[in-house]
Amino acid sequence: MNMLTVSGSPHIHGDESTKKIMYGVVYAMIPAMLVSVYYFGLDALRVLLLASVAAIFFEWLIQKYLIKGPVTIMDGSALVTGILLAFNVPSNLPSWMVIVGALVAIGMAKMSFGGLGKNIFNPALVARVFLLISFPVQMTSWPKPQAIINGLTDAITGPTPLGIVKEGLDAGKTMSEITPELPTYMQSLLGQMGGSMGEVSAIALILGGLYMLIRKIITWHIPVSMLLTVVVFSGILWGIDPEHYADPVFHLLTGGMLLGAIFMATDMVTSPMTRGGQLLFGFGVGLLTILIRIWGAYPEGVSFAILLMNAVVPLINRGFKPRRFGIKPGVEIKTS
Amino acid sequence: MTGRLKTFTLGGIHPEENKLSANAPIEVLPLPKQAIIPMGQNLGAPSKPIVSRGDFVKVGQLIAEAGGFISANIHAPVSGKVLKIDNVPDASGYKRPGIVINAEGDEWDENIDRSKDVKEEIELDSKEIIERIKEKGLVGMGGATFPTNVKLMPPPGKVAEYLLINGVECEPYLTSDHRLMLEKGKEILIGTSILMKALKVEKAIIGIENNKPDAINHMTELAKSYEGIEVQSLKVQYPQGGEKQLIKAVLNREVPSGKLPIEVGCVVQNVGTAYAVYEAVQKNKPLIERVVTVTGKAVRKPSNFMVRIGTPVRELIDAAEGLPESTGKIINGGPMMGKALTSLEVPVVKGSSGILLMQENESRRKPENSCIRCSKCTYVCPMGLEPFLLAKAAKLGRFDLAENELVMDCIECGSCQYTCPASIPLLDYLRLGKTMVGTIIRNRKKK
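Residue numbers (numbering that gives the first Met the number 0), protein chains in the order written: chain V, 0 to 335; chain P, 0 to 446.
It should be emphasised that the hints constitute simulated quantities derived from the structure, not laboratory data. Note that CB positions come from ideal geometry on N, CA and C, so glycine has one too.
Computed from the model, here is a short list of chain P residues facing chain V with C-beta under 8 Å: (1) Gly383; (2) Pro420; (3) Ala421.
Listed below are the simulated BS3-like cross-link pairs for lysine-lysine, each with C-alpha atoms no more than 30 Å apart in a straight line: (4) V:Lys19 to P:Lys296; (5) P:Lys394 to V:Lys320; (6) V:Lys143 to V:Lys172; (7) P:Lys394 to P:Lys258; (8) V:Lys327 to P:Lys391; (9) P:Lys223 to P:Lys115; (10) V:Lys18 to P:Lys391; (11) P:Lys391 to V:Lys215; (12) P:Lys394 to V:Lys117; (13) V:Lys327 to P:Lys234; (14) P:Lys126 to P:Lys115; (15) P:Lys32 to P:Lys83; (16) P:Lys5 to V:Lys327; (17) P:Lys300 to P:Lys115; (18) P:Lys202 to V:Lys327; (19) P:Lys133 to P:Lys47; (20) P:Lys444 to V:Lys320; (21) V:Lys215 to P:Lys18; (22) P:Lys202 to P:Lys115; (23) V:Lys215 to P:Lys5; (24) P:Lys391 to V:Lys67; (25) P:Lys391 to P:Lys444; (26) P:Lys365 to V:Lys63; (27) P:Lys445 to P:Lys394; (28) P:Lys5 to P:Lys185; (29) P:Lys185 to P:Lys126; (30) P:Lys282 to P:Lys57; (31) P:Lys391 to V:Lys320; (32) P:Lys234 to V:Lys19; (33) V:Lys327 to P:Lys444; (34) P:Lys196 to P:Lys258; (35) V:Lys215 to P:Lys365; (36) P:Lys365 to V:Lys19; (37) V:Lys327 to P:Lys157; (38) V:Lys117 to P:Lys365.
So that you can see chain V by itself, here it is in the shape it has in the complex:
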């Protein structure tokens, strides 16, 4: 007979694993990846590959030679970070900047905190903000999406819809004057607008989000609460003065709103642990995003909003506990 294994219960395990979750996120990003390659051509492919390979490479390098611990690059988490980083930069970003971004994401934002699961901030967003502050010009020259079938000519760069609005309003124009310069809602849904590689097509992002919902990789709480806050808050402003504030649908479909709501704010590691906490987190991200978009110096605020809310997640986790069995909600838990 074999040697008997003796271990504590439970003796069976569900079939979920870190790897499956991470690759699930990768699958969910496929539609957006395809759209980015469709509109931005081989450049998008270059950034995607470079960011992914660099992220995995840096993780391997740090785990093997710096931490000298187990190498876990096959768990898919570095790949997710790499792809998300690619989604968050313009497709014409110089290769070396992409590599620097991957190093910041993996080295600074992830491994320096202790690796997978221990980081406070979303690694891809830390890298994006790092790049944005360090290389503002390259990070804000957005190639106009051109379907791949139109030929691989040098892309023409132009501002994002959010940039157009910001600039226009700052120059004293009204929304009705600015609107003709903006993409239509249909163009936004499909991705025919300037922006980071992964954020342009709402439909592709929503498809990925639905997949993750079905696979139970994410729950609805953060995206819904974040987007609802955006709609309500920007809706109130728009309702008061539609000439000086963009409408809620515009806010929803432009910039990194959906990318952030679906793929970045829902990052398990850097978001709250309970449903209640997640609702508050989403609310905070939504609120901060609109605050930054409307009154901040940058036209886009999603990354900053998520990073700011990342910072308060430990606090939220303390304040928001799951509903306990056998303890009436609102009743103070007796402590010793």
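Since chain V is already given, all that's left is putting chain P on it; use the hints.
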């Protein structure tokens, strides 16, 4: 089927059911050559032997007395000579005091009614019933092995309103309760009526998960002729067989944190216990045998056996056509809460509901990875705890934090660890936390 499907609302998982032995009728296992009877078969104090080496005992004769208020009598499961009173292997891998009897013949105590007739009429009154249950050494047969008589005596000021009979059997693989309901349904209902009389309650509800439609139909049909007993079908969800979860599912009442079911007017007993109550009260028969499922994916003949207490596990496995080559782990109980055994010589005890043979390739834990803070452990916890946090607290020795975060409410169902994508042994840490916090609380009370 009665009523709509109910279930508990907080947490829960749905592991593969694998009820391989559901269609195997209960077979009476031949007597063991030797019965090994550990003294610690119940929750609480171990029992004290009252026989000596060399004594001849009959089946059903008292051989050990309750060792305290929360303890139980033990009776001889076989007739024969007491071979020794010594340390014997038990399910947890330790050697603990026990009695070994060499079986000779099958000579029963004369006071036990061995006829097959079903005796309906309940002659004893409430007090006598409880006394009888105590005398016959009954404990909870679902696995917790809490002395049954103690549960039937609500503390002063508390009144029982409902008796819940637990026929949920939410553990994957196990089918002993299922078979018992199909084959001894009438006895279970009489046992239920007896328990109702003992508790002076008007209403009893038998909760059964709807993966056992035959048992639900059968019990519903039978229950029509018993006043106050209802059958409630429940949606399959683990750990619905937990007392607090069952009460929540059936009556939508929540037992307050740190309290017992009686707090919300409920007493929960397992169907196996109800059957044992019938035998003790109507037939004067002590708890000397029980139904044990022998199962596993590689087991040649998944079975349900009526087994005398003290029968070594090896004999059960032999009766199920032997230990498969591929066996890598032997579990006493179900896969979620059972204990892995260290040897085949461990005997069946009052709380053994099944023997599960896991194959080599399903025996080992998956390698542990980093927590990715996915919260899945929190979502599935039926008590609304945060297992990741409690595990961390236990790991760091922060037992104050573990206590404040209600580690003592953990029912050790294992749902968190089952679900954890990083395969973290959460329940190991939670058990550590519970043990340490339990000690801290006891010491605090002493001061």
